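Those protein sequence lines, which keep their order, are chains C and A. Start counting the first sequence at 5; every next residue gets the next number (this note's numbering). Start counting the second sequence at 7; every next residue gets the next number (this note's numbering).
Please note that the accuracy of each hint is not assured.
[Claimed, not checked] In silico DSBU-like cross-links for lysine-lysine, where the CA-CA straight-line distance does not exceed 35 Å:
#1 K206/C - K11/A
#2 K84/A - K67/C
#3 K11/A - K160/C
#4 K98/A - K11/A
#5 K155/C - K84/A
#6 K33/A - K11/A
#7 K98/A - K52/A
#8 K86/A - K125/C
#9 K149/C - K22/A
#10 K149/C - K98/A
#11 K52/A - K67/C
#12 K206/C - K52/A
#13 K206/C - K22/A
#14 K33/A - K22/A
#15 K22/A - K155/C
#16 K106/A - K67/C
#17 K33/A - K129/A
#18 K11/A - K52/A
#19 K106/A - K129/A
#20 K129/A - K149/C
#21 K22/A - K160/C
#22 K84/A - K160/C
#23 K86/A - K129/A
#24 K149/C - K86/A
#25 K86/A - K11/A
#26 K11/A - K125/C
#27 K33/A - K206/C
#28 K98/A - K155/C
#29 K206/C - K86/A
#30 K106/A - K155/C
#31 K11/A - K22/A
#32 K125/C - K84/A
#33 K98/A - K160/C
#34 K106/A - K33/A
#35 K52/A - K84/A
#36 K125/C - K22/A
#37 K125/C - K33/A
Please keep in mind that the hints were generated in silico from the structure rather than gathered at the bench. Since this is a predicted model, take the numbers as computed values, not measurements.
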Amino acid sequence: MADADQLADRLAAIRLRYPATEPDLVADVVRAILSTLSGDLSAQETSVLAEVEALGRTIASAKAEIAALRVDDITDNHIPFATDELDAIVEHTATATNAILSSCETLDEVATDLTGEAATKLQDATTRIYEACSFQDITGQRITKVVTTLKTIEAKVAQIVATFGASEHQGPIAGTVEPAEPALLNGPQHPTVAMDQSDIDKLLASFE
Amino acid sequence: MPIDKSINVLIVDDYKTMLRIIRNLLKQIEFNNVEEATDGAEALAKLRSGNFGLVISDWNMAPMTGLQLLQEVRADAKLKAVPFIMVTAESKVENVVAAKQAGVSNYIVKPFNAETLRDKIEKVLGHG
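The whole structure should be built from the sequences, with the hints applied where relevant.
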């Protein structure tokens, strides 16, 4: 056990000194050394060696399977396509919302020339349109949350691919900028669980 | 005493459609002196160089959030008394508590209606 502990300590020290060492290279070296030792091994050691070799074959098989799945497609094609489509949705809703707002502003101008009930009705209608147009902000924030989730998946998939060496062209994963007060930036909540305005009013009143 | 609707109002949001919506809703209740900023840093610069009687700000913006803007405003001797309404989709208890602790005057959750906006403006300007 003392030998094993010592070996583990030495391996940890080596890992600290050479953090960029490829696991595959280390495995190759260990395999080469073990193959030169096989003639001198006891029955128990031979059994352990067989286990290690089996483990190596399992890893090689897993690597081949991951390569066959073409997981690169997820990061190279599927996720960029999905995020581009979502960005296009935000752009289209912004364009449409601006067109609606322009028409609404024209109606407001017309309302200034009217008096009485007609003016009131027209302004009430434009107020409701302005309120409804806030959907663009809310849906935009929800879509931003989905894009962030997709980028997280993309980064994790790329990490798995890099670890198992299934890809020849792995670049560094682009880091995401950590927002300020991250715990407080959750965006719109699901309506069934979110506090509404009256809940917030009560909460604020409790501070008075 | 009626509310002074001639005050300068600064509205802050990174969604330009939301700025346009709030500007129009303010116009309907006769607040016509409205300036816009699309993040906290731009808002702070405008506040420091202008004379504003009310800030209506979103929270989730970069690089400076609405909460950071509020903290800067409350730490600034010249600005600390300016009424500050947070208008945001952030509706968790911890958000409301953090905003209150930072000195928010009132808090509106998106999506909101014109009644709520008018009601909160009247409250923070001293007539609620």
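Hints, one by one, checked against the model:
no.: 1; hint: K206/C - K11/A; result: holds, 28 Å
no.: 2; hint: K84/A - K67/C; result: violated, 63 Å
no.: 3; hint: K11/A - K160/C; result: violated, 53 Å
no.: 4; hint: K98/A - K11/A; result: holds, 32 Å
no.: 5; hint: K155/C - K84/A; result: violated, 42 Å
no.: 6; hint: K33/A - K11/A; result: holds, 10 Å
no.: 7; hint: K98/A - K52/A; result: holds, 29 Å
no.: 8; hint: K86/A - K125/C; result: violated, 40 Å
no.: 9; hint: K149/C - K22/A; result: holds, 19 Å
no.: 10; hint: K149/C - K98/A; result: holds, 16 Å
no.: 11; hint: K52/A - K67/C; result: violated, 57 Å
no.: 12; hint: K206/C - K52/A; result: holds, 33 Å
no.: 13; hint: K206/C - K22/A; result: holds, 30 Å
no.: 14; hint: K33/A - K22/A; result: holds, 16 Å
no.: 15; hint: K22/A - K155/C; result: holds, 25 Å
no.: 16; hint: K106/A - K67/C; result: violated, 53 Å
no.: 17; hint: K33/A - K129/A; result: holds, 18 Å
no.: 18; hint: K11/A - K52/A; result: holds, 20 Å
no.: 19; hint: K106/A - K129/A; result: holds, 15 Å
no.: 20; hint: K129/A - K149/C; result: holds, 33 Å
no.: 21; hint: K22/A - K160/C; result: holds, 33 Å
no.: 22; hint: K84/A - K160/C; result: violated, 48 Å
no.: 23; hint: K86/A - K129/A; result: holds, 18 Å
no.: 24; hint: K149/C - K86/A; result: holds, 33 Å
no.: 25; hint: K86/A - K11/A; result: holds, 20 Å
no.: 26; hint: K11/A - K125/C; result: holds, 23 Å
no.: 27; hint: K33/A - K206/C; result: holds, 29 Å
no.: 28; hint: K98/A - K155/C; result: holds, 25 Å
no.: 29; hint: K206/C - K86/A; result: holds, 25 Å
no.: 30; hint: K106/A - K155/C; result: holds, 33 Å
no.: 31; hint: K11/A - K22/A; result: holds, 23 Å
no.: 32; hint: K125/C - K84/A; result: violated, 42 Å
no.: 33; hint: K98/A - K160/C; result: holds, 28 Å
no.: 34; hint: K106/A - K33/A; result: holds, 28 Å
no.: 35; hint: K52/A - K84/A; result: holds, 13 Å
no.: 36; hint: K125/C - K22/A; result: holds, 27 Å
no.: 37; hint: K125/C - K33/A; result: holds, 17 Å
Violation of the numbered hints given earlier is confined to hints 2, 3, 5, 8, 11, 16, 22 and 32; the remaining hints are satisfied by the structure.
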